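Those protein sequence lines, which keep their order, are chains U, C, R and F.
Just so we're on the same page, the numbering used here is the position in the first sequence counted from 1, plus 10.
Just so we're on the same page, the numbering used here is the position in the second sequence counted from 1, plus 10.
Just so we're on the same page, the numbering used here is the position in the third sequence counted from 1, plus 10.
Just so we're on the same page, the numbering used here is the position in the fourth sequence counted from 1, plus 10.
Hints were generated in silico from the structure; no laboratory data involved.
The structure presented is a predicted model; accordingly, all values stated were derived computationally and were not measured.
Any given hint might turn out to be false.
Which copy? The list can't say, so a pair holds if one copy fits it or any two copies do.
Claimed, not checked - Mimicking EDC-like on lysine to aspartate or glutamate, the simulated pairs with C-alpha atoms at most 20 Å apart in a straight line are:
| no. | residue 1 | residue 2 |
| --- | --- | --- |
| 1 | K208 | D49 |
| 2 | K419 | D75 |
| 3 | K17 | E129 |
| 4 | K63 | E133 |
| 5 | K295 | D48 |
| 6 | K120 | E176 |
| 7 | K328 | D212 |
| 8 | K17 | E108 |
| 9 | K299 | E89 |
| 10 | K419 | D186 |
| 11 | K351 | D70 |
| 12 | K120 | D313 |
| 13 | K328 | D26 |
| 14 | K244 | D401 |
| 15 | K417 | D48 |
| 16 | K304 | E347 |
| 17 | K351 | E155 |
| 18 | K63 | E28 |
| 19 | K182 | E155 |
Number of protein chains: 4
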Amino acid sequence: MTETIIKVNLNESPYDNEKIHNRWHPDIPMAEMVKPGDDFIIECVDWTGGQIKNNDSADDVRDVDLSQVHFLSGPVGVEGAEPGDLLVVDILDIGTFEESQWGFNGFFSKQNGGGFLTEHFPEAQKSIWDFKGMFTSSRHIPGVEFAGLIHPGLIGCLPSKDMLEEWNTREKGLVDTDPDRVPALATLPYGDTAHMGKMTGDSRDAAAAEGARTVPPREHGGNCDIKDLSRGSKVYFPVYVKDAGLSVGDLHFSQGDGEITFCGAIEMAGWIHMRVNLIKGGMQKYGIKNPIFKPSPITPKYDDYLIFEGISVDEWGKQHYLDVHVAYRQACLNAIEYLTKFGYSKAQAYAILGCAPVQGHISGVVDIPNACATLWLPTDIFEFDVQPNADGPDIMLDGSVDVPLSKDK
Amino acid sequence: MTETIIKVNLNESPYDNEKIHNRWHPDIPMAEMVKPGDDFIIECVDWTGGQIKNNDSADDVRDVDLSQVHFLSGPVGVEGAEPGDLLVVDILDIGTFEESQWGFNGFFSKQNGGGFLTEHFPEAQKSIWDFKGMFTSSRHIPGVEFAGLIHPGLIGCLPSKDMLEEWNTREKGLVDTDPDRVPALATLPYGDTAHMGKMTGDSRDAAAAEGARTVPPREHGGNCDIKDLSRGSKVYFPVYVKDAGLSVGDLHFSQGDGEITFCGAIEMAGWIHMRVNLIKGGMQKYGIKNPIFKPSPITPKYDDYLIFEGISVDEWGKQHYLDVHVAYRQACLNAIEYLTKFGYSKAQAYAILGCAPVQGHISGVVDIPNACATLWLPTDIFEFDVQPNADGPDIMLDGSVDVPLSKDK
Amino acid sequence: MTETIIKVNLNESPYDNEKIHNRWHPDIPMAEMVKPGDDFIIECVDWTGGQIKNNDSADDVRDVDLSQVHFLSGPVGVEGAEPGDLLVVDILDIGTFEESQWGFNGFFSKQNGGGFLTEHFPEAQKSIWDFKGMFTSSRHIPGVEFAGLIHPGLIGCLPSKDMLEEWNTREKGLVDTDPDRVPALATLPYGDTAHMGKMTGDSRDAAAAEGARTVPPREHGGNCDIKDLSRGSKVYFPVYVKDAGLSVGDLHFSQGDGEITFCGAIEMAGWIHMRVNLIKGGMQKYGIKNPIFKPSPITPKYDDYLIFEGISVDEWGKQHYLDVHVAYRQACLNAIEYLTKFGYSKAQAYAILGCAPVQGHISGVVDIPNACATLWLPTDIFEFDVQPNADGPDIMLDGSVDVPLSKDK
Amino acid sequence: MTETIIKVNLNESPYDNEKIHNRWHPDIPMAEMVKPGDDFIIECVDWTGGQIKNNDSADDVRDVDLSQVHFLSGPVGVEGAEPGDLLVVDILDIGTFEESQWGFNGFFSKQNGGGFLTEHFPEAQKSIWDFKGMFTSSRHIPGVEFAGLIHPGLIGCLPSKDMLEEWNTREKGLVDTDPDRVPALATLPYGDTAHMGKMTGDSRDAAAAEGARTVPPREHGGNCDIKDLSRGSKVYFPVYVKDAGLSVGDLHFSQGDGEITFCGAIEMAGWIHMRVNLIKGGMQKYGIKNPIFKPSPITPKYDDYLIFEGISVDEWGKQHYLDVHVAYRQACLNAIEYLTKFGYSKAQAYAILGCAPVQGHISGVVDIPNACATLWLPTDIFEFDVQPNADGPDIMLDGSVDVPLSKDK
């Protein structure tokens, strides 16, 4: 029987669990040690550590303390791992807690985090998604049910001292170009709300003051939010410190490519079952800088798509140069507009794109000056036919239900 | 028997064929008229109109006249089509000419077009790909063979007068921000090499002077270079002028997401078989700005991938803000580095990423400041095992063969 | 939180659990009642009720009491269901018990049940399969690991009185054609080991004496052993009695098409999460005799196959007339012979075909006198390359490990 | 440019083409010789050699001379091939003739060939299918259009003398058990209508008298009618004679598993592009008796199925013992009954099952006494929704169109 080496209690503060941390730092002690070939289970709180509740108000999303995120379980040390190795991780399974069969999706207020379409959705909104086995649906968004592509949003190994310094330097450099921007250009170290695992005292305070925030993906993987790192996938992580130090959290029941709503996927607490192995000297052998991975043999097969194009002319008519970010935003806005024709509110449509197994493809990046991106919307997630026909769309929703919104205070 | 309504002769200049044009303008007369429900075949020259030859020198890629591209077949008028309609196009089949069983891929010189990785590959290079039925391989890149995901790189309807003006205005605005840049930020109208189909005399000259270049994708679709617009797909195009005016060209035997080499996919001459129908008033009914489409039921199934991550820190260590373009470039560079470990030159690896059915996903676009993009490399296109293992890669190529390069003059 | 309406205790006899039964009879009282739209969880013992143990001897397979099988959980009554309705069952999830992370596969002795290849494997053998999350492997069969296509082997509604009588009559008719055959042609009612759920006394004894055995699939579904009835599928069952009476059991972690080893798939105890709905009068509306179903959106994608053909000339050279059974047996024997070239024993190869997600296709049934069947062996389940090449196979196994065999007493 | 080594003329008799033959015999001279590594194109007439016409009468199907079939193109000799080798054939492409964009499907009269459901459809019927690129539809069966899974129904190498003798002996043995049966149990040698390629004179007559008919699949492959031997697949054929002697014909635009209508698939004339290689001594190296193959990376993806079960109790209530043939027939009859609820005639439904990419799975073959087979009907081939719902089916067809029938004379 596989051992659960890290457990969580959803009723206590993650700060009280010394096998949890919320910053990246090489000095964080290993929470547990395993051997190559071992498999083990790790439990995780949701990324906010329980700040968001299963109710019909978006107040908690509006008021979230983002300096606390993400609460990660780990680090797990792997005997024999050394800098330059590749840590091979088989994600054998991921699941929910029996007593917590729900997740949340939200849009942050532009004043507190924002998101991909924050200009269009400047205020906090939230939808709750119920789990029924492999499937999910939301009481705030009728007419849609789908199988979750469950995955960790955040996973990776501890950075070395040098790597940490490089992260802090380059991100501070970016913030310094526009220090007063709202939302900020990057999240810099912030000791007050840091949770450094087993560390205590002065060494804890010193590490907390320089520990990298967990928000962006970086060389080690980290907060990649790649929906395809799902159960059944195999990941090769670069190792930067002795014993590797693998941490994981931010579990998602499902997510669309881009995690465009930022808060973000269908966010949940749960557990992950992994097996670890090593490729000694693998970074050099294979020329690895960022993690590489192989997808799972088991994923939801939604093979019928309606595909929306977007180009890098923004919604106000401005021409951008090969900007895939702008192009994908247009594809998303096009899909949202389309879905409103069936009766969805724009917020409901946006939430669907953030939660469902939507694909985002970089289709063309050389045809100056326009990048072209495509958003692939699976049609089988809808309980009605969303395909175009000569008669035009039937309005399937009466507007009586919407995604709760909480105005900025 | 389905009629071939536009024919081409690969031995004559495309300028001599009045059913070809290389600019977008509402006044270009219809080359042929069809009715809703009709299916028909259209032949196309390659996008350069025969400038690139089946040989082992990249001189022609270096010296290409890019002001001539793309040579399109059309416009085909559809009876009854009016502005605001959706033109429904079933791509029933696409094929090669029996006498032209090859295609080309290249990198343009930075002095003449450049490309996605032009900083890394500043000089012209070319690879020739031979077709054997559905499969292709290159004498310049050993060890790789795959089934082509054949598609038109460029397809769409004529713009209206207003839309044309908007294009020209916004693109000139961009060029004006850095008019001397090499390569240029956009390609502006250029009458000298314009081919305006059946137009002649002063009206031809006037239209040529303002006709939009065909390089970028735009609201009408155009040069989207979406590999998934393959045979078997169904596309819904916005209509802007009476009779719609559907033109098509730039056929690709295969292409990776992004068409990262710019010259670009495996470029070919060939034919396309289409069926057209109308959704009257469909733009309004479905809120359509850009084309939408449904993928084909028949596409190459390469389900085993090795996936490379990239983040928006560039190859010189600079931090960019949620820049998917930079992130995808890093994923591509990571994949290239990986393939060199098996003996490929960097140019060979780059060409593979441009030609093979590689997927490019927008994985995360909200985790400030790093975007995360993934490049999905199908492993089954290689004749050897490219997956990581504990022993490290076997070097499968001896370096005796490479992609021809022609130095700038 | 979804309720578990039927629980089992793996340490007690299934005969002591009145929500279990092992015969089909219309008078068996409902174990629980639910409403249309409800979802609920049901626990199941393995089909033999715990007769087979996690050890390295096949004695228990040899000595199994097959008159006891299959132990089913149920029947579950659905309010409002009436004869002629369709009971729509969404299989929302299926899982294992934390304390029972293993399953078994075996070949019965020809003297006690036999199987598809009993002429070739006349004595009892057994393999144990360990579960690691979604994956399974066996200490008795090295070199193979795969994701399970988990499903119930047996599921369906109670028969009506008339239907039960028809079953008993036609099956006894068959047995009477060769009453002394070993193994028997069919399994007839047998009261001694019957478990009739909540029934007691004379009515129990009367029902036990005529209750249909659970071995074959019948009009109601029953022991179909269809591997594609996996979690995520949706099944439409005919209803024959008031309240329907849905029973389920014989859970399989994985199985190949045909369940050719009879004991059979990877057999396990576990739980199943379902949701029920009704289509009133659906049997008549849709002309339904046997259940119909839709496959799951989530199944293991093993898309690279090696496919073996078989025709209806048997292994002793005899010509049969369009006999798919013989043809599929030849395809299986061909695959077994092939796998021995890599070092597997024939028994190991046979067990792989019974357990792995192998497909069996009826390819041709009209080309007199030969039927043609194909067995699709997924190549990615092997840790080495099983594909043919010019050099011939590498022997990957040294024969030191085999599937335990127990000689007939 | 790939050479077409065998050409056909659809306007002349196949008997006049010496690169065609319609019997299997080791003495038939090679039509052409190729070398390992070569690729080449072969043209084929339809299996009846043009007996069936593109019209609206089934008279030609009723009156067909089945002693003439199948007309095969070949044999192609491969230099260096010897008995015991494996001939590796890459099917690079398959296509139609520009002047022959149609195919036929039919049910033979029970008096002249019959078929899988001949008891239910005892008289000749025919449907004509038009090709539009990759898609096909029939004027006799409204509401259905699909992409063809194009493949050769018949392909294989010449038998040796010994093998031929074994075939003739065992098939005659079967016929002798019921020599007057209609339809016959097997098709024995018949010299009158034999076409022995380049053979002439006495040797031709001697070979014609003993040449095996082409109807059944046999050890060499032959008339397997496996729909998955489609373009893009790779097949390993046993070699029995010097130079192998590969012949091919009976091209199908599409077919369902089982080719249940016998006449059969969507039958067509066309061409096939192949590449050949050898594995010396491969039969022994890999223990090969029948061909093995790998499926194509490019096939129609119809992933949404409605699946019908059938068990081995026949349509008259009789119990059969593990008879997959009977079980699949019940699954087919169940699907036909279902489709009639939407307005199809039974003949139309039967033709759809014979022509569309339907899957037939051997689901259970051990649960005495019932085999269980499943028929997988792709739902996306229909222009309307064929899935069950609470309201019951909409009748989509008015019965004004049906499949032509010709009564026995």
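Homo-oligomer pair classification [D401, K244; C-alpha up to 20 Å]: between (46 Å within a copy, 17 Å between copies)
Up to 20 Å CA-CA - E176 versus K120, copy category: Intra 29 Å, inter 31 Å, cutoff 20 Å: neither.
Homo-oligomer pair classification [E155, K182; C-alpha up to 20 Å]: neither (42 Å within a copy, 46 Å between copies)
Homomeric proximity label, K328 with D212: Cα distance no greater than 20 Å: neither (52 Å within a copy, 32 Å between copies)
Homo-oligomer pair classification [E133, K63; C-alpha up to 20 Å]: Cα proximity of K63 and E133: one copy only (18 Å, versus 57 Å across).
Copy assignment of K17 with E129, given that the CA separation must stay at most 20 Å: So K17 and E129 fail the 20 Å test inside a copy (40 Å) and across (49 Å) alike.
Homo-oligomer pair classification [D70, K351; C-alpha up to 20 Å]: neither (30 Å within a copy, 50 Å between copies)
Alpha-carbon proximity between K419 and D186, which holds within one copy, between copies, both or neither at 20 Å: neither (28 Å within a copy, 43 Å between copies)
Alpha-carbon proximity between K299 and E89, which holds within one copy, between copies, both or neither at 20 Å: neither (22 Å within a copy, 50 Å between copies)
Same-copy or cross-copy closeness of K328 to D26 [CA-CA at most 20 Å]: Result: close neither inside a copy nor across copies, 50 Å intra and 37 Å inter.
K419 and D75: within-copy, between-copy, both or neither at 20 Å Cα: For K419 and D75, only the intra-copy Cα distance (15 Å) is at most 20 Å; the inter-copy one is 60 Å.
Homomeric proximity label, K120 with D313: Cα distance no greater than 20 Å: neither (35 Å within a copy, 39 Å between copies)
Hints 1, 3, 5, 6, 7, 9, 10, 11, 12, 13, 15, 18 and 19 from the list above are not met by this structure, while the remaining hints are.
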